[in-house]
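Trainee: These are the residues of each chain, in order.
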Amino acid sequence: MAELARNQVPLSTVQKQEEPVSLWQEGWRSFKKNKMALVGTGIVSFFILLAVLAPLIAPYGINEQNLSLRLQPPSSEHLFGTDDFGRDILSRVIYGARISLWVGFFSVLGSVVAGSLLGIIAGYYGRWIDGVISRIFDIMLAFPSILLAIGIVAVLGPSLQNALIAIAVINIPNFGRLIRSRVLSIKQEEYIMAAKAIGMSDMRILFHHILPNSMTPIIVQGTLAIATAIIEAAALGFLGLGAQPPNPEWGKMLADSKDFLTQAPWTMFFPGLAIMLTVLGFNLMGDGLRDALDPRMKS
Amino acid sequence: MFSYTLRRVFMVIPVLLGMSLVVFFMIRAIPGNPAQVILGQKATKEAVEALTHKLGLDQPWYIQYIKYLGGLLKGDLGESIRTGTAVSQEIWPYLAATLELSLAAMVIAVVIGVNAGIISAWFQNSWFDYIAMILALIGVSMPIFWLGLMEQWAFAIQLDWLPTSGREDVRNPIEPITHLYLVDTLLQGNTEQFMQVLQHLILPSVALATIPMAIIARITRSSMLEVMKSDYIRTARAKGLSMFWVVYKHSLKNAIIPVLTVIGLQTGLLLGGAILTETIFSWPGIGRYIYEAIGYRDYPVIQSGILIVATIFIFINLIVDLLYAAIDPRIKYNS
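Read top to bottom, the protein sequences are chains A and B. Just so we're aligned, residue 1 is where the first sequence starts under the numbering used here, counting upward by one. Just so we're aligned, residue 300 is where the second sequence starts under the numbering used here, counting upward by one.
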């Protein structure tokens with residue numbers, strides 16, 4: 001009788017059970033609902049497109065000079081006006097996206113790789129290794145970050161590449177600490193103990209189990225860190241310690257505009273706006289990712 | 300509280316030592332011979348050797364470090380290569396200028412940021428809340444050097460309301476006492492000069508305050524919203540206490556702890572940001588001192604400048620730590 005009753009359960013109710021949803025799918029659903037995050041993603045995508053398609057979109061060459069058209073205000077010929085060498089500011093802002101995104105992305109990648117390695121080692125092995133690495137992080141974090149970056153560039157010499165290295169170095173402790181704390185909690189999990197019990201090597205546990213389970217905060221923190229890295233690169237460029245002329249780096253363009261504030265404020269307006277929008281885009285996207293992927297990190 | 304304070308103070312010592320080590324190796328990390336780099340490629344061999352000896356680079360590194368540390372403990376910060384003067388002698392006016400600017404910026408950031416955050420939380424989802432939070436979001440993303448330039452263009456060049464740059468009116472120089480000009484002019488009872496100093500201070504301090512202000516406003520709002528949902532606030536409101544009293548007396552005290560942490564962290568941003576602000580507004584502070592030293596490859600000044608700013612940062616964070624242990628008893632017991 002009971003068997004009959006069980007067989008009479010309509011098949012549709014069994015089939016209606018929801019498919020298991022992965023963390024990423026759930027995160028994507030929640031991300032799609034967040035309007036601000038979508039605006040941020042739109043802004044970031046726009047600047048990535050500008051950077052990729054720069055040679056096709058830019059109306060003029062990157063260093064195409066026309067001294068007879070120095071410091072011209074915005075017009076139909078030059079939508080953002082021209083600078084003191086008669087170069088088209090719009091074209092330079094478009095090409096500048098390449099530099100800023102490149103520095104932002106690769107400096108953060110460097111910080112993530114180095115920070116994750118150090119954080120994993122500190123968190124997993126503990127004891128004196130943790131002590132040494134954590135103290136190094138403490139010391140690095142004791143310096144105001146831009147000051148440390150200035151110090152590093154002052155030693156290595158001013159260039160875009162050295163600015164990238166400096167920005168990567170100053171952000172290492174942020175990722176290192178983040179990963180260390182993740183490792184400390186993950187290594188207590190039963191599946192890690194089980195992996196140890198069956199004799200799995202440390203390397204395999206670290207890179208096959210612990211690192212993939214720490215990816216969420218890395219992605220969230222990484223997106224927000226790109227925003228900071230772009231501002232830091234622009235700041236170094238502004239101080240003459242980053243990209244060197246004639247590179248159209250946004251910070252350097254702003255520094256050059258200082259002398260023409262009275263005559264040609266547009267030389268200052270557009271590069272600054274580009275920095276602000278890009279940073280805003282990454283901040284919105286990062287906030288959205290954090291809310292979607294890691295609700296515990298919500299502020 | 301005493302043992303917590305003592306423990307926290309002792310924890311600063313290894314960090315300070317580590318910082319001195321980083322700064323010490325900074326000059327030694329210069330590729331090639333640092334003395335040659337400082338003097339340039341055209342320098343004679345004798346000059347390079349003399350500077351190598353003067354900087355102590357011809358000795359083993361641990362001897363150099365011990366001597367450097369000994370010097371630091373005696374207040375010897377090295378000698379500027381450009382001016383030939385001891386850094387400890389010439390640094391105070393620059394440091395005072397930065398302190399005045401940073402304090403003014405922090406006051407603006409805290410007063411406006413905390414209150415904007417409170418009002419946003421109080422009137423959650425109102426137009427004020429939306430506008431304040433959008434402005435805060437833009438503020439967080441704003442490059443300080445761009446904001447500074449725009450302020451100069453709008454308020455100094457276009458409207459001619461405030462001076463473009465500098466710290467004082469060069470036609471009416473201030474007789475320094477403490478080198479904190481607001482204090483000096485007050486001590487001298489010179490209101491005209493006081494107003495001039497204040498006018499010079501407005502644009503750079505507002506530029507410097509923007510990012511911390513935006514962050515403080517966002518944290519205050521979220522922290523207040525959390526506290527305002529708690530039972531004791533509901534009880535206070537049910538008892539018929541006025542909203543103003545509930546917000547400023549009951550909620551703020553408990554919401555202020557994360558805000559204090561952020562204020563401490565923002566000080567670093569502020570000190571770093573001071574370098575950029577000082578460059579834009581020709582403010583003769585420590586940031587500008589370091590920035591100019593980079594141009595002259597004056598490494599002793601770069602080293603000492605960075606060390607001093609970082610030390611101030613550490614002590615401000617220490618004070619903030621102690622302050623919130625005093626406000627929140629859970630902190631000292633848990634640690």
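Watch out, some of these pointers could steer you wrong.
Straight-line distance between alpha carbons at most 20 angstroms, and here's what the computed EDC-like set of lysine to aspartate or glutamate pairs gives [unchecked claim]:
1) B/K552 to B/E591
2) B/K373 to B/E345
3) A/K35 to B/D375
4) A/K258 to B/D459
5) A/K258 to A/D84
6) B/K366 to B/E345
7) A/K258 to B/E525
8) A/K187 to A/D202
9) A/K187 to A/D259
Rather than coming from a laboratory, the hints here were simulated on the basis of the structure.
Trainee: State for each hint whether it applies.
Mentor: Now the hints, each set against the structure:
1. Only pairs whose Cα atoms come within 20 angstroms are accepted, and B/K552 paired with B/E591 is rejected, the gap being roughly 43 angstroms.
2. As the CA atoms of B/K373 and B/E345 are separated by approximately 30 angstroms, the hinted pair breaks the 20 angstroms bound.
3. A hinted pair counts as satisfied when its Cα atoms are at most 20 angstroms apart, and A/K35 with B/D375 does not qualify at roughly 56 angstroms.
4. Distance restraint check for A/K258 and B/D459: the Cα-Cα separation of roughly 17 angstroms lies within the 20 angstroms cut-off, and the hinted pair is therefore satisfied.
5. In summary, the hint linking A/K258 to A/D84 is supported, as the alpha carbons are separated by about 11 angstroms, within the 20 angstroms threshold.
6. Under the criterion of a C-alpha separation no larger than 20 angstroms, the hint pairing B/K366 with B/E345 is inconsistent with the structure, at around 24 angstroms.
7. Of the pairs offered as hints, the one joining A/K258 and B/E525 is violated, with about 44 angstroms between alpha carbons and a cut-off of 20 angstroms exceeded.
8. Taking the CA atoms of A/K187 and A/D202, the gap is near 11 angstroms; set against the 20 angstroms cutoff, the hint holds.
9. About 57 angstroms separates the Cα atoms of A/K187 and A/D259, which puts this hinted pair outside 20 angstroms; it is violated.
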